[in-house]
Amino acid sequence: TAVAETQIFELDEEGNRMNRVVAVFDPMETQVSAKGSAKMEGSLVLEDPKLWGPAPTQSPNMYEAVTTVKVNGVPVDRYETEFGIRTIEMDSERGVIVNGEHIHLKGVNLHHDLGALGAAFNTRAAERQLEIMQEMG
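Going by this note's numbering, the sequence shown opens with residue 9, and the numbers climb by one from there.
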(Lines of atoms letter the chains of each structure in order from A and count residues from 1; the text may use other names and numbers.)
(Lines give C-alpha, C1' and ligand atoms only; values in the text may rest on other atoms or scores of the structure.)
Protein backbone atom coordinates (compact mmCIF):
# COMPACT_ATOMS: atom_id res chain seq x y z
CA THR A 1 0.00 0.00 0.00
CA ALA A 2 1.30 3.44 -0.96
CA VAL A 3 0.28 6.51 1.00
CA ALA A 4 0.62 10.05 -0.39
CA GLU A 5 0.81 12.92 2.08
CA THR A 6 0.82 16.56 0.93
CA GLN A 7 1.58 19.67 2.95
CA ILE A 8 1.24 23.26 1.69
CA PHE A 9 3.88 25.82 2.69
CA GLU A 10 4.06 29.55 2.06
CA LEU A 11 7.19 30.79 0.23
CA ASP A 12 9.01 33.97 1.22
CA GLU A 13 9.92 36.77 -1.20
CA GLU A 14 13.11 34.94 -2.25
CA GLY A 15 11.19 31.73 -2.98
CA ASN A 16 12.37 29.90 0.14
CA ARG A 17 9.96 27.63 1.97
CA MET A 18 8.78 29.03 5.28
CA ASN A 19 8.59 26.51 8.12
CA ARG A 20 4.87 26.97 8.77
CA VAL A 21 2.43 24.48 7.20
CA VAL A 22 -0.64 26.42 5.97
CA ALA A 23 -2.73 23.43 4.83
CA VAL A 24 -2.61 19.63 4.73
CA PHE A 25 -4.33 17.22 2.35
CA ASP A 26 -5.88 14.16 3.94
CA PRO A 27 -3.50 11.20 3.35
CA MET A 28 -4.50 9.11 0.32
CA GLU A 29 -3.89 5.36 -0.03
CA THR A 30 -3.69 3.17 -3.12
CA GLN A 31 -2.33 -0.20 -4.21
CA VAL A 32 0.53 -0.06 -6.73
CA SER A 33 2.21 -3.09 -8.29
CA ALA A 34 5.99 -3.29 -8.62
CA LYS A 35 7.15 -0.96 -11.41
CA GLY A 36 3.53 0.17 -11.73
CA SER A 37 2.02 3.60 -11.38
CA ALA A 38 -1.12 5.08 -9.91
CA LYS A 39 -2.91 8.39 -10.08
CA MET A 40 -4.34 10.13 -7.02
CA GLU A 41 -6.40 13.30 -7.00
CA GLY A 42 -7.47 15.49 -4.14
CA SER A 43 -8.59 19.00 -3.40
CA LEU A 44 -8.77 21.36 -0.47
CA VAL A 45 -9.76 24.92 0.28
CA LEU A 46 -6.90 27.16 1.36
CA GLU A 47 -8.46 29.53 3.87
CA ASP A 48 -7.70 33.24 3.25
CA PRO A 49 -4.89 32.67 0.71
CA LYS A 50 -2.33 35.34 -0.11
CA LEU A 51 -2.95 36.01 -3.79
CA TRP A 52 -0.37 36.08 -6.56
CA GLY A 53 -0.59 39.27 -8.58
CA PRO A 54 1.56 41.29 -10.97
CA ALA A 55 3.82 44.13 -9.87
CA PRO A 56 3.86 46.98 -9.14
CA THR A 57 0.50 47.08 -7.34
CA GLN A 58 0.19 43.41 -6.33
CA SER A 59 2.54 40.87 -4.76
CA PRO A 60 3.72 37.63 -6.37
CA ASN A 61 2.80 35.46 -3.35
CA MET A 62 3.69 31.81 -3.89
CA TYR A 63 3.10 28.49 -2.18
CA GLU A 64 4.72 25.07 -2.38
CA ALA A 65 2.96 21.72 -2.17
CA VAL A 66 5.30 19.03 -0.83
CA THR A 67 4.03 15.51 -1.55
CA THR A 68 5.70 12.50 0.05
CA VAL A 69 4.88 8.94 -1.01
CA LYS A 70 5.44 6.25 1.60
CA VAL A 71 5.32 2.47 1.30
CA ASN A 72 4.99 0.64 4.61
CA GLY A 73 5.73 3.94 6.35
CA VAL A 74 9.04 4.46 4.51
CA PRO A 75 9.38 7.51 2.20
CA VAL A 76 10.06 6.32 -1.37
CA ASP A 77 9.36 9.49 -3.37
CA ARG A 78 8.92 13.22 -2.87
CA TYR A 79 7.64 15.90 -5.23
CA GLU A 80 7.60 19.69 -4.73
CA THR A 81 5.21 21.89 -6.72
CA GLU A 82 5.30 25.69 -6.58
CA PHE A 83 2.06 27.51 -7.32
CA GLY A 84 0.25 30.82 -6.93
CA ILE A 85 -3.44 31.58 -6.45
CA ARG A 86 -5.23 34.32 -8.39
CA THR A 87 -8.42 35.23 -10.19
CA ILE A 88 -8.36 36.36 -13.82
CA GLU A 89 -11.36 37.85 -15.59
CA MET A 90 -11.86 39.20 -19.08
CA ASP A 91 -14.41 42.02 -19.23
CA SER A 92 -15.49 43.64 -22.51
CA GLU A 93 -15.54 47.09 -20.89
CA ARG A 94 -12.80 46.89 -18.25
CA GLY A 95 -10.36 44.54 -20.01
CA VAL A 96 -8.18 42.14 -18.01
CA ILE A 97 -8.93 41.97 -14.29
CA VAL A 98 -6.45 40.20 -11.96
CA ASN A 99 -7.58 39.73 -8.35
CA GLY A 100 -10.26 42.38 -8.89
CA GLU A 101 -7.83 44.98 -10.29
CA HIS A 102 -7.71 46.21 -13.90
CA ILE A 103 -4.34 45.41 -15.47
CA HIS A 104 -3.17 47.48 -18.43
CA LEU A 105 -1.52 45.18 -20.97
CA LYS A 106 1.16 46.25 -23.42
CA GLY A 107 2.27 44.25 -26.42
CA VAL A 108 4.93 44.20 -29.10
CA ASN A 109 5.22 42.70 -32.56
CA LEU A 110 8.20 40.46 -31.80
CA HIS A 111 9.42 38.09 -34.50
CA HIS A 112 11.40 34.90 -33.91
CA ASP A 113 14.41 36.14 -35.85
CA LEU A 114 17.12 38.41 -34.46
CA GLY A 115 17.37 41.01 -37.20
CA ALA A 116 20.58 40.64 -39.21
CA LEU A 117 21.31 37.33 -37.45
CA GLY A 118 18.22 35.78 -39.00
CA ALA A 119 16.83 32.66 -37.33
CA ALA A 120 20.20 31.73 -35.76
CA PHE A 121 19.85 32.03 -31.98
CA ASN A 122 22.25 34.23 -30.05
CA THR A 123 21.84 34.40 -26.28
CA ARG A 124 23.12 37.96 -25.90
CA ALA A 125 20.88 39.22 -28.73
CA ALA A 126 17.84 37.60 -27.08
CA GLU A 127 18.80 39.14 -23.71
CA ARG A 128 19.06 42.53 -25.43
CA GLN A 129 15.53 42.10 -26.85
CA LEU A 130 14.22 41.40 -23.34
CA GLU A 131 16.08 44.42 -21.92
CA ILE A 132 14.54 46.69 -24.57
CA MET A 133 11.05 45.35 -23.80
CA GLN A 134 11.62 45.90 -20.06
CA GLU A 135 12.63 49.51 -20.76
CA MET A 136 9.35 49.96 -22.66
CA GLY A 137 7.48 49.15 -19.46
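Note that these hints are calculated values from the structure, not bench results.
Possibly wrong hints are sitting among the right ones.
Derived CB-CB ranges, DEER-like [as the list claims (entries may be wrong)]: (1) SER100 to GLY145: 47 to 53 Å; (2) VAL40 to GLY123: 23 to 29 Å; (3) GLU109 to VAL40: 41 to 47 Å; (4) ARG94 to SER45: 44 to 50 Å; (5) THR65 to VAL40: 42 to 48 Å; (6) VAL104 to SER41: 31 to 37 Å; (7) THR131 to ILE96: 16 to 22 Å; (8) GLU97 to HIS119: 39 to 45 Å; (9) MET26 to GLU139: 29 to 35 Å; (10) PRO68 to ALA31: 15 to 21 Å; (11) GLU13 to PRO57: 16 to 22 Å; (12) GLN39 to ILE111: 43 to 49 Å; (13) HIS119 to ASN27: 43 to 49 Å.
Every residue gets a Cβ at the ideal spot worked out from N, C-alpha and C, and that includes glycine.
Hints and how they fare:
no., hint, result
1, SER100 to GLY145: 47 to 53 Å, "violated, 25 Å"
2, VAL40 to GLY123: 23 to 29 Å, "violated, 53 Å"
3, GLU109 to VAL40: 41 to 47 Å, "holds, 45 Å"
4, ARG94 to SER45: 44 to 50 Å, "violated, 31 Å"
5, THR65 to VAL40: 42 to 48 Å, "holds, 46 Å"
6, VAL104 to SER41: 31 to 37 Å, "violated, 47 Å"
7, THR131 to ILE96: 16 to 22 Å, "violated, 32 Å"
8, GLU97 to HIS119: 39 to 45 Å, "violated, 31 Å"
9, MET26 to GLU139: 29 to 35 Å, "holds, 33 Å"
10, PRO68 to ALA31: 15 to 21 Å, "holds, 19 Å"
11, GLU13 to PRO57: 16 to 22 Å, "holds, 21 Å"
12, GLN39 to ILE111: 43 to 49 Å, "holds, 47 Å"
13, HIS119 to ASN27: 43 to 49 Å, "holds, 47 Å"
Going through the hint list in order, the structure does not satisfy hints 1, 2, 4, 6, 7 and 8.
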